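Residue numbers (numbering that gives the first Met the number 0), protein chains in the order written: chain A, 0 to 215; chain B, 0 to 913.
These are computed hints drawn from the structure, not numbers from a lab. Treat the numbers as computed from the prediction; the structure is a model and nothing was measured. Each hint should be verified, as a subset may be incorrect.
In silico BS3-like cross-links for lysine-lysine, where the CA-CA straight-line distance does not exceed 27 angstroms [as the list claims (entries may be wrong)]:
1) B/Lys85 to B/Lys113
2) A/Lys120 to B/Lys235
3) B/Lys874 to B/Lys551
4) A/Lys150 to B/Lys11
5) B/Lys473 to B/Lys742
6) B/Lys82 to B/Lys115
7) B/Lys235 to A/Lys153
8) B/Lys77 to B/Lys44
9) B/Lys11 to A/Lys191
10) A/Lys150 to B/Lys693
11) A/Lys214 to B/Lys235
12) A/Lys214 to B/Lys188
13) B/Lys729 to B/Lys742
Here's the letter readout for the chains.
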Amino acid sequence: MTKYGIVADLRRCVGCQTCTAACRHANATPPGVQWRKVLDIETGEYPDVQRTFLPVGCMHCDDPPCMHVCPSTATRKRDDGIVVILYELCIGCAYCAVACPYQARFKIQERTLAYVEGATKNEDTRFDPAMLGVAQKCTFCVDRIDDGLAKGLKPGVDPEATPACVNSCIAGALHFGNVDDKDSNVSRYLAKTEWSRMHEELETGPNIYYVWDEKR
Amino acid sequence: MAPDGASAREVKRVPTYCYQCVAGPELLTVKVVDGVATEVEPNFKSADVHPANGKICVKAFGLVQKLYNPHRITTPMKRTNPKKGKDQDPGFVPISWDEALDLIAAKLNELAAKGKVNEQGMPRIAASFGGGGTPTQYMGTFPSFLGAWGPVDFSFGSGQGVKCTHSEHLYGEFWHRAFTVCPDTPYAKLIVSFGANVEASGGVCAVWRHAEARGRGARRIQIEPHLSVTGATSSKWIPIRPRTDPAFMFAMIHAILFEHPRDRLDIPFLKHRSSSPYLVGPNGFFLRDPASGKPLMWDSRLDRPVLFDAADVDPALEGTFRVAKAYELGADGQRWDHADVLGATSFTKMVEHLRQYTPEWAAKICDVPAESIRFVASEYLDAACVGQTIEIEGRTLPLRPVSVQLGKTVNNGWGGYDTCWSRTMLAVLIGGLETPGGTLGTTVRLNRPADNKQASAKPGPDGFMDYPMNPTDKENWIGMPQVRNANRTLIPLVANSPWSQALGPTHLAWLFQQETPPEWPQMQPPDLWFVYRTNPAISFWDTPTISAVMAKFPFTVCFAFTRDETNHMADILLPDCTDMEGLQLIRIGGTKYVEQFWHHQGVALRQPVVPPMEGARDFTWVSTELAKRTGLLASYNTYISRGAAGIPLRGPNYDYTLAPDVAYSHEDIWDRSCKAASMEISEGKEERDLAWFKENGFLVKSFSQLDWYLYPTMVERNMRFELPYQERLKRIGLELGNRLHEKNIHWWDAQLEEYAALPEWQDFPAKWENVVVKMGGTPEEYPFWLLTSRSMQFSWGNNVAIQMIREMARNMRGVGGVLMNATRAKEMGIAEGDLVEVRSPLRATKGRVALAQGIRPDTLLIIAQFDHWATPFAKDFESPSLNTVMPISLDLTDSTGSGADVTRVAIKKIGGAR
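Given these sequences and hints, build the entire structure.
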């Protein structure tokens, strides 16, 4: 079986937002819509303070709450674990955005632009009216994966078949692959490290794995 | 889902490079869909040769918005309002390129006729380029035009000296050919970082190397007043009081010298690769052999003095010895002949000097427990692995996987000498200077040849490396400044390379325009000022005053992407091709700042990924046109042929030189460069033309890792690092003082005191408090230290007008606002998001407060540089800037001519949250 997931090594992430920018490029999201982003979190009290950078986005849950609340069946889970939205079915009710415990979903009603003076050439070239009024979120760059697989490439190994955020990570903090394959890059990574998942208690089965130490 | 993914559009990926910051270049591809640039990606083909696996940083993703930015200057413009000033509308009107070039050429020809230097001997032309030299990677053959022209004043800095790691540049090059200094991260076990924010400013190479190091268990201790992104990714954060880093470092060395056995140090390294054994006489200079003039050491085996370069000796590291006959050589040839004189080793002089600087002493100054200082010292020694070796490319070298890193503001301004000396000395103590795992220099800029660190390390006096000091002797001292920052007059260490002028002290150029010291004639402004990729009206200090100074410049030509605060004062605006439109071939690889250590070297091409915007012109085309119109074509072409554009066009078995009288197209010039570069790289075997580079992007050959380290060269040339005792600096400081005092110049006396053989703690924080008093305030009225810090998104990028960059930066805590300790804020009734005024004795800046626990209660932080009033998009940020409130002051200038990005301020709430 295939279940794609992302490993985010928190020891390596520096919060640079390169993945955020790469995602915005790859997916032509408008200003402010960040399917992938890195949170800048502080804990503790001076002088005992920790600051952590946490890459977040759609967790492509095993049991996605967003899918269960979707009245139009637009949100679906593929056999490879990727949660997708069929925009032509989405009615924009935003139940999914409310149901998602990871705040991973966006919905915009009107076109937003980088500059008030008007759309830039690249914005016009990439504008897709089908993205207005519907829910949107990280797709694990599903087109890259499908195109890559069609070319015989391996997601998570070959950049042409790997999500843009992972390709772009300058700290080597993000890794992508099949977590169901015990020999995959991500499974090997997880086998040697201590990791956790966000809101495990909600039993959504999220597929971003946060590494914080070597295996003890 | 990418909307262009499914349709049958014409899609191509164009290789190019990004060099927006000093940590570049990065190699990337741009996806072009139906002739429109849409996406940036790493050039995956470079993963095998690039030190960061071919990655590119967040700044590169802003370039598409830069290309299509609605605020771009789309045509040359000329000013119609002769009055200049912030409050004046320049009245820019569009003109043709022909008219613009004719106007500039006419001015240049007029100046050439008058003489290229003015009555004061200063160049009539000045030029300012920003971003730590990165504009060179974008301005094509313009340096060849300036070379053909002749004298140019690069004095007017855009931040050099006050925003760079200035003192480190000078002392680093002096001590180990290190224009910038970094750890040998791939082998490091421990890095002690005093405010070095390498995760924000080190570019992809540094971030990648440090992440790899953390991945294998290396640790970093971050010592700084706020918890930066670098501190966040470190194993320990020690919040130190601002401006007290030298005290911490002195105490660290004290602990190592007085609380640990000597055998924890690298004794052979100290004896044979440093000047530790050199004997120092009663006047503070080396004891020298009367016959040869060479410094003396004491041979422990023979129990007698020996020359420093005597073979098969065991020089005493410590002790005081009686020498029958010797002399000391002081300033200006002063000589003391001694008989039966006592000389202490330089090492002993250092030990005795540092006896006073105990951890308990430093604890009070630094507001850090003494045990923390001891802990860091002890960890440092434990990680040093003294005695271990490593084999690299078949050669066995010492392995010393520990180093100290210094950040901007720590290694700059008062205290910069002390921290640079301490850092380098800490490396010398454990034999970790320029050895694997240790403290390395990245590149040379002041010594020659600038492209070869090893070749630049030539034997000089007393067993040390030679250094191109500016003269301080009576006959050769340059008493009358040749350029407007007086760099060669005041700063022996700044040398005289093509970079020296621009290193400054550049703030003196701005200061002297307002008021030149009475000993010199009032300095005239340049008759013509070229500006490219810099905005000193925002990026320097006391920015309103800087703006007022540049408003007095009579003829300013700005290459302009958008309007900004500096080109508000321009007479001509020229829209050059931006990053994704221009054509240029640059050198890549080798070793270079900040942490670029490659196993390859070669060249990379920047090319138009789409046709340039109508109205924009390639910088090389502009340069050729100016050369043509000023009668400089032959000389300009000669400069290009000789390699001023990066690649010499003639080699052992190839010759692509330009004919002197032909105005070549920019495509032709870079085609020849491509061919010459490929022939150079392949040693004459393969010629690759421009078309090949447009397709493939880059070409490299291997670069030896041994060339990362200077140590093998020091051994081969039998040279010593010039530490611990600064006899040479002491001498030139005295000589410089003599020269200045002969001219009755006493306003540089405080700086002269810094030429000490061993650095001495001064109350550095008090220097800033004294300036407050001098400006009419009291330290109590301005109880906070205001600091600044880089953000990866903005640093050096000249990219503040790019929406995506702003959006990315805003994901990071405090960017665009004033970061303050949350507990302290609560005590003062300040809440998250409140509008606050941050005031120095100079003036105030305003912004929204962001609260955090990761900052000292006595410290405020304003990240990056804002307070724009002309730059489109950015002028609506309402973001504050340290630069607005930071005074330019001789009192805050150290002996290298640098100043630190810190000032005393008060804060008060002036409005609620939005």
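Does the structure break any of the earlier hints, and which numbers would those be? 1, 2, 7, 8, 9
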